[in-house]
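Undergrad: Below are the chains, spelled out letter by letter.
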Amino acid sequence: MIALLMRDIRLATRAGGGFGLGLAFFLIVVVLVPFGVGPQTDLLARIAVGILWIGALLACLLSLDRIFALDFEDGSLDLLATAPVPMEAVAVIKALAHWLTTGLPLVLAAPLLGVLLSLPADGYLPVVISLLLGTPALSMIGAFGAALTVGLRRGGLLLSLLVLPLYVPTLIFGAEMARRGIDGLDTTTPMLMLAGITCGTIALLPFAAAAVLRVNLR
Amino acid sequence: MSSIWVYANPKKFIDTTDRFLPWVSVLAVVCLVIGLIWGFFFTPDDYRQGSTVKIIYLHVPSALMAINAWLMMLVASLIWIVRRHHVSALAARAAAPVGVVMTLIALATGAIWGQPMWGTWWAWDPRLTSFLILFLFYLGYIALWEAIEDDDTAADLTSILCLVGSVFALLSRYAVNFWNQGLHQGASLSLDKEENVADVFYHPLLFSIAGFVFLFIALVFLRTQTEIRARRMRALIVRDRMKD
Amino acid sequence: MPDLGKYAEAVLSSYAVSLVLLLILVGLSWRRSMRIKKALQDIEKRQKKNG
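Residue numbers (our numbering), protein chains in the order written: chain A, 2 to 219; chain B, 15 to 258; chain C, 327 to 377.
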């Protein structure tokens, strides 16, 4: 399992693996928004949390179809299915690799991009914590969506349609937590809810993802 | 007495529903006509909402059925996963477009009612937002059915999506409640509190709800039959090609 | 016709929108049902003839 994780990370970080693509996309979204809404600092500061969360979510979405598609095409997914590792574990490892190569860099980049959006000083910590808690859920839900569409020729667009509604609760609690942090309100409730969603998805969705993968490999 | 699973046999299902379909359709039309005409012509205006209260006879039943259609799909998906009856999977598929139309009606009538009453077509009220999210779930579900060619694979994948989607739809409902209370005052913009609806409005509403329920049943029967026949047709065509 | 007052537009348009949507749904379901039924009968007849 560790070997699988290392292999996935190596594949993703190698040239052409798409590592950094998500980060660049995140950067571009954040740069484009001021062009769209105008350069007023107070306006940007108010919507900074929303932009960072939406940007992270879209950047995450961008690399989802890579989770299983390449392995499905070259047959290594079939090999993994017959390997002594349970399919559920494969799904978790794949999601973990996706988070390490996409989610974690986004979390680390968020404070830097917050500067561009004149994020209030109180906001940095809540934004980073909310992204840190929320992005694993995004990766796990995304792995489920990627497993659903793995056998399809044009699965990319369908994948977004399937996964985005599933992202709603994570986005709501994540952004709410960061906003409350900026306003100096108590962040405990949304933080616990966000952590709960993340733990719940990691505990339950691997089973759904594995079931879906088995169907697709039939 | 035979068990309910007899109707999982496609042939038996078509025969039985063929017998019931005319009756259910007639019931649906009769109830809808009574409910809507009674409601439209013979109920007084509300003292606060004026004549817009008449929209209730469309809005409440369609909203109810939008949720019930999803629940029916959830039950049908579970039956498919556990007992692998094809009719069940096809019934879930048949119900989804009906659910979409119900959601659309609920959203449209709600917006039209909201314009004069709240002064806006759309507000990010928890109920409205949840319905919009439900609409997105329906779209994803239908899109997945359409995208997969193999029937059994499609049935398996969509039923798992339906299960996972149900959990997330429920989560979204609570998340949205929480989110809006965090921004605005608590939602007081609700029309369909049972105790607010006086008897004059309540009785035609009952008929209208019954009409929507029967209409839903009739449509699901009809559309499931169509799906069964379409699948049989595909199977026959494949067999035909094999022989040549 | 009841007196709908100043909200006539809203009430009438919501009834129109809903009924049109319902009719479209029923119409499409009905048409597809008829078409598939007929196509299936054609195929079954042909296969019976061919043995």
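Check the hints yourself; a few may be wrong.
Output of the computed footprint for chain A on chain B, the stretches with three or more beta carbons under 8 Å from beta carbons of chain A [said to hold, decoys possible]:
id	segment
1	33-43
2	103-110
3	159-167
Listed below are several chain C residues computed to face chain B (Cβ distance under 10 Å; list not exhaustive) [claimed, not checked]:
id	residue
4	Gly331
5	Glu335
6	Ser339
7	Ser340
8	Ile350
9	Ser359
10	Glu370
11	Arg372
12	Lys375
I should point out that these hints are in silico values taken from the structure, not numbers from a laboratory.
Note that beta-carbon positions come from the ideal geometry of N, C-alpha and C, so glycine has one too.
Undergrad: Double-check Gly331(C) for me: the hint is only fine if its C-beta lies closer than 10 Å to a C-beta in chain B.
TA: holds (5 Å)
Undergrad: Go through the hint on Glu335(C) and say holds or violated, using the shortest Cβ distance to chain B against 10 Å.
TA: holds (9 Å)
Undergrad: Would the stated hint for Ser339(C) survive a check requiring a Cβ distance to chain B of less than 10 Å?
TA: With a minimum Cβ separation of about 6 Å from chain B (threshold 10 Å), the hint on Ser339(C) holds.
Undergrad: Identify whether the interface hint at Glu370(C) stands, where standing means a beta carbon of chain B within less than 10 Å of its own.
TA: Holds, about 7 Å.
Undergrad: Does the closest beta carbon of chain B sit nearer than 10 Å to the beta carbon of Ser340(C)?
TA: holds (4 Å)
Undergrad: With 10 Å as the cut and Cβ atoms as the points, is Arg372(C) at the interface with chain B?
TA: holds (8 Å)
Undergrad: Is the coverage entry for the segment 33-43 of chain B by chain A consistent with the three-residue Cβ rule at 8 Å?
TA: violated (count 0)
Undergrad: Quick one, is the Ser359(C) hint okay against chain B at 10 Å, beta carbons?
TA: holds (4 Å)
Undergrad: Should the interface hint for Lys375(C) be scored as holding, given a Cβ-Cβ cut-off of 10 Å against chain B?
TA: Result: violated, 12 Å to nearest chain B Cβ.
Undergrad: Verify the coverage statement for the segment 159-167 of chain B against chain A, using a C-beta to C-beta distance below 8 Å and requiring 3 or more qualifying residues.
TA: holds (count 3)
Undergrad: Establish whether the coverage given for the segment 103-110 of chain B by chain A is satisfied; the threshold is a Cβ-Cβ distance below 8 Å, and no fewer than three residues must meet it.
TA: It is violated, with 0 qualifying residues against the three required.
Undergrad: Just to be careful: measuring from the Cβ of Ile350(C) to every Cβ in chain B, is the smallest value less than 10 Å?
TA: holds (8 Å)
Hint compliance for this structure: hints 1, 2, 12 are not met, and every other hint is.
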